[in-house]
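Asks: One letter stands for each residue in the lines below.
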Amino acid sequence: MTITEERGRTYAYEDLPRLMGLMTGDEKHGPAATSTLDVLWVLYDRVLRVRPEQSDDPARDRFLLSKGHGPMAYYAVLAAKGFVPVDWLPGFGSYDSPLGHHPDRVLVPGAEIGSGSLGHGLPIGVGTALGLRAQGLDDPRVWVLIGDAELDEGSNHEAIAFAGPAGLERLHTVVVDNSSASHARPGGIAARFEAAGWSAVTVDGRDHEALYAAFTAPHPGRPHVVVAQVEPKSF
Amino acid sequence: MDTMRERFTTVVSRLLDEDPRVAVVLAEIGADGFSGAARRHPDRVVNVGIREQLLVGAGAGLALTGLRPVLHTFASFLVERPFEQVKLDLGHQDAGAVLVSAAASFDWPAGGYTHMAPGDVALLDTLDGWTVQVPGHPDEAETLLRHAVAAGDDKVYVRLSLQANRDALPVDGERFRTVREGGSGVVLAVGPMLDHVLAATEGLDVTILYATTVRPFDAAALRRATRTAGTDVVLVEPYLAGTSTAAANDALADVPHRVLGLGVGRRELRRYGTIEEHVAAHGLDARSLRERIGAFLTP
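Same order as they appear, the protein sequences are chains B and F.
If you use the working numbering, the first sequence corresponds to residues 1 to 235, in order.
If you use the working numbering, the second sequence corresponds to residues 1 to 299, in order.
Just so you know, the hints here were simulated from the structure itself, not pulled from any lab data.
We put the CB at the ideal spot given by N, CA and C, even for glycine.
Hints are supplied without guarantee of correctness; some may be wrong.
[What the hints assert, rightly or not] The list that follows gives simulated cross-link-like pairs (lysine to any residue, SDA-like), each with its CA atoms no further than 25 angstroms apart:
| id | chain 1 | residue 1 | chain 2 | residue 2 |
| --- | --- | --- | --- | --- |
| 1 | B | LYS81 | B | TYR13 |
| 2 | B | LYS81 | B | ALA12 |
| 3 | F | LYS87 | B | TYR13 |
| 4 | F | LYS87 | B | ARG105 |
| 5 | F | LYS87 | B | GLY100 |
| 6 | F | LYS87 | F | GLY33 |
| 7 | F | LYS87 | B | LYS81 |
| 8 | B | LYS233 | B | ASP139 |
| 9 | F | LYS87 | B | GLU153 |
| 10 | F | LYS87 | B | SER117 |
| 11 | F | LYS87 | B | SER94 |
| 12 | B | LYS233 | B | GLU209 |
| 13 | B | LYS233 | B | ARG141 |
| 14 | B | LYS81 | B | ASP26 |
| 15 | F | LYS87 | B | SER97 |
[Said to hold, decoys possible] Beyond 12 angstroms from chain B on every Cβ pair, some chain F residues (computed):
| id | residue |
| --- | --- |
| 16 | GLU18 |
| 17 | VAL56 |
| 18 | GLY152 |
| 19 | ALA199 |
| 20 | ARG266 |
With these hints in hand, go ahead and build the complete structure from the sequences.
Replies: This is the structure we're talking about:
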């Protein structure tokens with residue numbers, strides 16, 4: 001199957017389980033992979049202004065997958081949207097495959113960052129938002145996806161504490177909360193962002209309409225976080 | 001004469017005016033010096049507060065949008081504290097930046113070990129693709145900073161110090177320079193070590209090479225020097241002793257040779273005092289160097 005033929009085909013949300021099923025070998029990260037599925041789909045299907053042929057366009061929206069472990073849902077969505085060929089998926093994690101158990105931006109078309117080590121995406125997202133602003137690129141928005149346990153990393157706190165007072169309006173974070181943090185913050189995840197001056201919304205991470213509304217809520221002068229709650233990770 | 005760090009502020013402030021690609025990221029340290037530049041270029045001079053992981057991560061994000069970030073703080077907070085950010089946010093992302101450090105190995109001895117980073121260059125040596133500049137004079141620092149900012153999307157580390165040589169030499173941002181030629185050994189002096197090395201080797205029949213660009217290591221220059229001066233090599237570096245020993249060994253892998261690596265000792269000194277006292281304590285003053293170089297080169 002060629003890329004062109006795939007791009008000629010339209011994939012729907014219902015196709016994602018089959019696409020994810022093509023990838024094997026990282027079952028330990030299965031819950032981490034499915035927790036992000038709906039968030040990723042709604043973003044790529046309805047929110048992000050980026051297409052495969054735009055990968056070098058300075059005006060594209062940037063999506064930074066910080067939670068790089070369990071990237072099967074991410075690869076499935078990238079395949080469904082034509083960024084990577086569907087026939088790459090079965091090779092997942094093999095020596096000759098560009099698709100690792102953690103994504104590498106140098107190898108995966110459409111991946112804005114390589115991730116896997118937790119706590120890197122949000123600081124890079126801050127810099128991306130600053131860089132766009134410095135170049136007068138006022139349209140593109142920056143989205144960073146992190147996990148609730150990943151939020152524990154101190155580097156994220158540096159980024160959260162800076163982005164609010166700096167008024168990084170184009171910076172967006174979606175925290176997929178599957179209750180996997182060992183020491184969750186009393187008062188919830190949104191509270192820590194709000195304390196730093198962010199706009200924050202908490203929604204059902206499986207409800208596409210609720211996610212869409214949260215993703216597109218106006219937040220003038222402030223960065224915006226969407227906390228997407230999904231079923232707790234089972235141990 | 002200004003210090004290397006003052007020159008950095010002047011030169012990079014000017015580069016901000018000249019080149020719309022240049023952005024400076026600071027973590028409080030050095031921010032006062034850039035206050036004028038920050039008023040002229042509020043979007044390209046960013047002080048992230050005391051947040052060194054964010055300093056490097058944000059620098060990487062700026063680079064990914066096409067800017068040329070210059071990141072500055074003390075070496076211990078620039079290379080050591082956020083080392084994984086240096087490794088992943090720059091190296092693994094295939095993004096570039098100019099890292100400019102101050103305080104070096106022991107520029108503030110009274111400040112103690114928390115503000116010393118003799119291991120910075122050795123630590124960067126665990127990563128691929130870094131250019132490392134170690135100027136020995138503010139004029140050299142200016143030249144090397146301009147090279148670094150102009151070097152496309154390269155990853156460049158510029159190590160500034162209060163230790164400096166009396167006179168500047170012409171530097172090209174790439175090659176070692178032959179300062180003196182002799183027949184019984186090669187002494188490679190890195191950056192601020194040159195004056196001590198020249199004083200230490202007075203009257204000795206040795207070739208003196210001067211290195212300000214230490215990575216990539218100019219293997220060709222070292223090999224060339226050993227053809228007339230022989231393959232006894234002494235490295236005198238202002239950071240951790242032996243940092244470049246492996247590079248020198250690789251350069252001479254196909255000939256019998258001996259290498260002595262001199263520099264800052266690994267053991268924590270736990271002393272305050274002055275730079276001069278620390279130079280002497282690590283055996284890097286002219287008298288100690290004369291003894292150690294002489295003993296090594298005398299058959």
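Asks: Compare the structure with each hint and give your call.
Replies: Cross-check of the supplied hints:
At roughly 11 angstroms between alpha-carbon atoms, LYS81(B) and TYR13(B) fall within 25 angstroms of each other, so this suggested pair holds. Between LYS81(B) and ALA12(B) the alpha-carbon distance is near 9 angstroms, which keeps this suggested pair within the 25 angstroms criterion. Taking the CA atoms of LYS87(F) and TYR13(B), the gap is about 36 angstroms. The hint is violated against a cut of 25 angstroms. Taking the CA atoms of LYS87(F) and ARG105(B), the gap is about 15 angstroms. The hint holds against a cut of 25 angstroms.
For a cut-off of 25 angstroms, the pair hint linking LYS87(F) to GLY100(B) stands: about 19 angstroms separates their Cα positions. At roughly 28 angstroms between alpha-carbon atoms, LYS87(F) and GLY33(F) are farther apart than 25 angstroms, so this suggested pair is violated. Distance check on the hinted pair: LYS87(F) and LYS81(B) sit about 31 angstroms apart at the alpha-carbon level, beyond 25 angstroms; violated. Annotation: proposed proximity of LYS233(B) to ASP139(B) is violated, straight-line Cα distance about 36 angstroms (limit 25 angstroms).
Note on LYS87(F) and GLU153(B): the hinted pairing holds, with a Cα-Cα distance of about 17 angstroms set against a maximum of 25 angstroms. Proximity of LYS87(F) to SER117(B) is assessed by CA-CA distance (about 11 angstroms); at most 25 angstroms being required, the pair is judged to hold. Of the supplied pair hints, the one linking LYS87(F) and SER94(B) holds, its CA atoms being roughly 24 angstroms apart against a limit of 25 angstroms. With a C-alpha separation of about 23 angstroms, the suggested pairing of LYS233(B) with GLU209(B) holds against the 25 angstroms cut-off.
Proximity of LYS233(B) to ARG141(B) is assessed by CA-CA distance (about 30 angstroms); at most 25 angstroms being required, the pair is judged violated. Note on LYS81(B) and ASP26(B): the hinted pairing holds, with a Cα-Cα distance of about 22 angstroms set against a maximum of 25 angstroms. Distance hint between LYS87(F) and SER97(B) is fulfilled; the C-alpha atoms sit about 23 angstroms from each other, no more than 25 angstroms. With a cut of 12 angstroms on Cβ distances, GLU18(F) stays outside the contact zone with chain B, its closest approach being about 15 angstroms.
Non-interface call for VAL56(F) relative to chain B: violated, since the shortest CB-CB distance, roughly 8 angstroms, does not exceed 12 angstroms. The non-interface label for GLY152(F) is consistent with chain B: the shortest C-beta to C-beta separation is roughly 16 angstroms, beyond 12 angstroms. Chain B leaves ALA199(F) outside its interface by the beta-carbon criterion, the shortest separation being 45 angstroms against a cut-off of 12 angstroms. Against the 12 angstroms criterion, ARG266(F) stays outside the reach of chain B, whose nearest CB is about 28 angstroms from its own CB.
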